[in-house]
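Participant: Residues per chain are reported as follows:
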Amino acid sequence: MFTTIADLHQTTPISSQSSLLLSLIVLLPILGALILGSMALWSQPREQGLSEKMLGALGTLTPALSALLALYLFAQQLGQPGLQWTANLGTWIKVSLFELSFGFMMDPLSGLMTVMITCIGTLIHLFSISYMHGDRGFARYFACLNLFLGAMLLLILSDNIVGLFVGWEGVGVCSFLLIGFWFSDAQKAGAGTKAFVANRVGDFGFLLGILFLFLETSHFDFAGLQAGLAETPESRLAVIAFLLLIGALGKSAQIPLHVWLPDAMAGPTPVSALIHAATMVTAGVYMIARLHFIYSQTPSISLLIVLIGALTALMAASIALVQNDIKKVLAYSTVSQLGYMFMAVGAGAYVAGIFHVFTHAFFKAALFLGAGAIIHALHHEQDLMKMGGLRKKLPITHLSMLISCLAIAGIPPFAGFFSKDEILWSLWNEGLYLFWGMGLLTAGLTAFYMFRLYFLAFGSSYRGQAEISAEPLLMKLPLLVLGAGAVLSGFLGLPAVLGLPNWMEHWLSQVFGAHHVAGNMGLALMLMGVSVLVASAGILVALKKYARLQSAPAAATGPLANMLHQKYGFDLLYDAVLVRPLRRMGTLGWQIVERLMIDGAITFGLWAYKVAALMLRQLQTGSIRAYGHYLLLGLTALAYLYFTLHLPGVFRP
Amino acid sequence: MALFKSNRAHFYHWLAAFWSGLTLILSLVLLSRYDLNAAGNAFQFVDRLPWMPQFNLQYQVGVDGLSLPMVLLTSLIVCIAVFVSWQTQERSRLYFAMLLIMETGVLGVFTSLDLFLFFVMWELELIPMYFLIGIWGGPRREYAAIKFILYTLLASTLMFMCFLAIYFLSPLQTFDVITLLQNQNNLLAGMGRPLQIALFLSLFICFAVKLPVVPLHTWLPDAHVEAPTAISVILAGVLLKMGAYGMLRFNLGFFPDMMYWMAVALAVLGMINILYGALLALAQTDMKRVIAYSSVSHMGFVLLGLAAFNPIGLNGAILQMFTHGTITALLFIFVGVVYDRTHTRDLAQLGGLSQRMPLAAGLFVITALAAVGAPGMSGFVSEFLIFTGTYGNSLEGLNHFLIQGATIASALGIILAAAYTLWLVRRVFFGPMAERWQELSDINSTELVTVTVLMILVFVLGIYPALLVDYINPASEHLLSWLPKVGG
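Protein chains in written order, with the working numbering: chain X, 1 to 653; chain D, 1001 to 1488.
Rather than coming from a laboratory, the hints here were simulated on the basis of the structure.
Among the hints, erroneous ones may be present.
[To be verified] Within a straight-line C-alpha distance of at most 25 angstroms, the following computed DMTMM-like cross-link-like pairs (lysine to aspartate or glutamate) qualify:
hint: 1; chain 1: X; residue 1: Lys545; chain 2: X; residue 2: Asp325
hint: 2; chain 1: X; residue 1: Lys94; chain 2: D; residue 2: Asp1035
hint: 3; chain 1: X; residue 1: Lys188; chain 2: D; residue 2: Asp1442
hint: 4; chain 1: X; residue 1: Lys476; chain 2: X; residue 2: Glu52
hint: 5; chain 1: D; residue 1: Lys1147; chain 2: X; residue 2: Asp599
hint: 6; chain 1: X; residue 1: Lys188; chain 2: D; residue 2: Asp1346
hint: 7; chain 1: X; residue 1: Lys610; chain 2: D; residue 2: Glu1142
hint: 8; chain 1: X; residue 1: Lys476; chain 2: X; residue 2: Glu430
hint: 9; chain 1: X; residue 1: Lys188; chain 2: D; residue 2: Asp1286
hint: 10; chain 1: X; residue 1: Lys94; chain 2: D; residue 2: Glu1477
hint: 11; chain 1: X; residue 1: Lys53; chain 2: X; residue 2: Asp135
hint: 12; chain 1: X; residue 1: Lys94; chain 2: D; residue 2: Asp1470
hint: 13; chain 1: X; residue 1: Lys567; chain 2: X; residue 2: Asp325
hint: 14; chain 1: D; residue 1: Lys1147; chain 2: D; residue 2: Glu1123
hint: 15; chain 1: X; residue 1: Lys188; chain 2: D; residue 2: Glu1435
hint: 16; chain 1: D; residue 1: Lys1147; chain 2: D; residue 2: Asp1346
Generate coordinates for the entire structure from the input sequences, incorporating the hints supplied.
Facilitator: So this is what it looks like as structure tokens:
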């Protein structure tokens, strides 16, 4: 059936159609952010302003409108294969021959992402109205969230890499603002700074990558880049790919720049759901998929991506085993799932990677919002050890989270099964058996720690002290929709190797070209069986250990557990090797170079001047005879100068 | 101003505001009537009056695409500085008189088209600055003022000698900048190579002190720390630009081939400025020092952009001058806002102020993000242009790669900038608040107006940089057209 899709692709050339609605998708949330932002600044000193209902409605309205527009445009794309929406906003910077225009482009890839982001974004805005109820920074929160959505859409929809970079930096800024949202807590404010700086390290590489690209092709727009790089030798492409990869590692929290994401959980939980799970952190994967024409030409870098992805997936999953903070577990699971996506795009299975981005967005958003609902109900209690038995108290949350846990664990027919298995299957197909094994192991760990979380929170009986309040309607609704997504979104990409229709593959082949998956159906079924078995084993172990827990278990000890608690020591290492030496260098520079050397030299100069003055003073003897000598000496010198040089007339008119 | 005397408390404030406002309006009029279609080399609105005809001296002023943004920046920043010093009561008559004399000096520097006049204006700006720091400054004000004046005076002696040498030794025998620039080819005819190099270097050092280039920068942190807020605003916002302006106008204008020859050195100096300034900013404990060193770091970008020797980098450099002027002015205004209320700039004592000053905190975060170079604000555009320009610099062979290397190293500066700026925000406004700051009041409406004006400018230029770049571009193209190999 794949040959037919490929034929279809070849017979429907891409047709561009301009639409101003496209730019509205991006501009609407930014507009909302502007309005809300000025309201936030205006009403802050007065502690008044619009009511929460109005602000919430306004804040949710713009993403909702964007979502409607996105769906409208996407529906037309569905009806007309090969259709690509564009919107040109004219020149942004023009300097001599250098011209940078600003425009948007919605092709099948960015269309899919846009629909996903706007829809999930709208749901999370809705959820936030309840979650942030009564917070002093209500308007500020929605302003930042709207701004984030605008920047994210800019990142996705921009038709050139500079626009992507602007969005890329923009989401970083919003992430900083939202992580440090409750800034009166020094630790939370610190987490925001850490996230921004770690992202900046990535941006450093990304910026250099853009500069290399521009020098190589004189283009910024993707079409121009693709055409311009056709002749570039692989060695140079590899450098570009590597530099851009640094950016992706920062944004998508992969080793060695993953340290910021777990700390980012300091932000409000809906923020974690939207930014640090469903959308922003997948930007790195999106960027690699968007620039697939570079990465498919650089096998060495692609292998590096697989390696980094596999290591990250395994490392994060192992750390998640010992976390007791419900959000930290989810944060590490996000890092781990992002590792899967990296493995996929590294192995050239761009469709599988984007498919996992898509399904992950649903079930991880549901998990985070579920965690948010729990935290809300328990009055800001995040410790898993103080939960338990919440199944009856929070039925909707329980349902949604159970589905999502099954989805992330990879149990059919929930969404995560299809996308994760597609990735594992691609790894196997590429002959990357070792990485397949790591992926499988990670899947087992994932199933275990997710159900550890599930049983600790919902199983057994309640262990905490705080009173449990009920879940409000505005929380139930998004949870249900996302839960449904965690079931249904997987069916968009049924395994083609079994002869089932894979819509995702079909749809994205317009961008990536047809990807022939030749394979043995029996082998595929067997591998699937293995992965389901491993996942079930993980769930069973968790069931046995945690389902009937009455009191909080003692924390695990021993060298391995210690290492896990220390998160493999990345934070300590960075602090010792980077942060403190840099500080010390600054202090040294100030105290030694500045004070001692530069100012010292000047003080020395002044001192030498004074000494010289003292010595010269000795000449002033008062003796007329000595002065006569000086006079004679001076006259001789002047006369000599006059006769030899014939001083030019200074005051010649 | 000395002619008026009044007992009303704010009389001089209003008078100064009126006068600087009038200047601002006039420069806006200038902007609106500036002919964008004229050739890039043409100075517009040239006024010419004989001054001392016996000595061939004249009063001649005019603007081109290089000086026009600077004129606009100066009049804007000074006008804002007047409002920033609204609380100044002590000897306010003298204070505002000095402020306006300084404005004259700075505007004179940016517009004068006569070497002698340029020198006079350059010196004219120093004297009020000395008094402004020396009288209204902090506890170590005299040390700072003397350090400032010594550095700058020594440097400007070099400049004066260089100008005299150009007058006497070049075949043109004139101070007239327009004539000199038009006959740029035989400007140096008849001078030996060593003399040319000496002249070039003495000019360069003079401007390097002002810019300031590491290691000639140590006057800057001291001057900033001791100067009153408004003076810091002007110092960082405008005075530093005089150094960069001088380099562009005279070093590049008179000695393009030598400047080209120095490209790698420029890039390396820029890199050192960026990284060294950023590192030192990380180590400071005084709010003003952090920003002073960040100024050193940001002005390094101007040097780096110069080293590109292509229009992209040069435009970026000139835009960066403007951008840095507005953003650093904002940062210093906020330091003033905090200092006025807490009477300390020690980071160890501050913290959590956002609880009492939420509006100031919100605006300061926006400013900090602008300083970090977040997109949508002007810093992003100028830094991006500079990086693009220098990375694709128009040099050849080894030098090309050396400058690329300097660019890559300088790009590390964006990480450090994020670190020290956000660390500053965190130490001042975030975290728990000490009990003694319970009574602080938020930003007042005068301060709010000044901040808003600058902030709007930062955003507008970040979203639509063409507003200014259209003026700058012809001038920078023209500046580069003199280069031996790059001819436009």
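Participant: A separate judgement is required for each hint: does it hold in the structure or not?
Facilitator: Hint-by-hint comparison with the structure:
1. Lys545/X / Asp325/X: 18 angstroms, holds
2. Lys94/X / Asp1035/D: 18 angstroms, holds
3. Lys188/X / Asp1442/D: Answer holds: lysine 188/X to aspartate 1442/D is near 23 angstroms, not above 25 angstroms.
4. Lys476/X / Glu52/X: 19 angstroms, holds
5. Lys1147/D / Asp599/X: Within the cut-off at roughly 10 angstroms; holds.
6. Lys188/X / Asp1346/D: 22 angstroms, holds
7. Lys610/X / Glu1142/D: Judged against 25 angstroms, a Cα distance of about 20 angstroms means the pair holds.
8. Lys476/X / Glu430/X: Violated: lysine 476/X and glutamate 430/X sit about 42 angstroms apart, past 25 angstroms.
9. Lys188/X / Asp1286/D: 23 angstroms, holds
10. Lys94/X / Glu1477/D: 13 angstroms, holds
11. Lys53/X / Asp135/X: 13 angstroms, holds
12. Lys94/X / Asp1470/D: 8 angstroms, holds
13. Lys567/X / Asp325/X: Holds, because 14 angstroms separates the two Cα atoms, which is no more than 25 angstroms.
14. Lys1147/D / Glu1123/D: It holds: about 15 angstroms lies between the C-alpha atoms, which stays within 25 angstroms.
15. Lys188/X / Glu1435/D: OK: lysine 188/X and glutamate 1435/D at ~21 angstroms, within 25 angstroms.
16. Lys1147/D / Asp1346/D: Within the cut-off at roughly 23 angstroms; holds.
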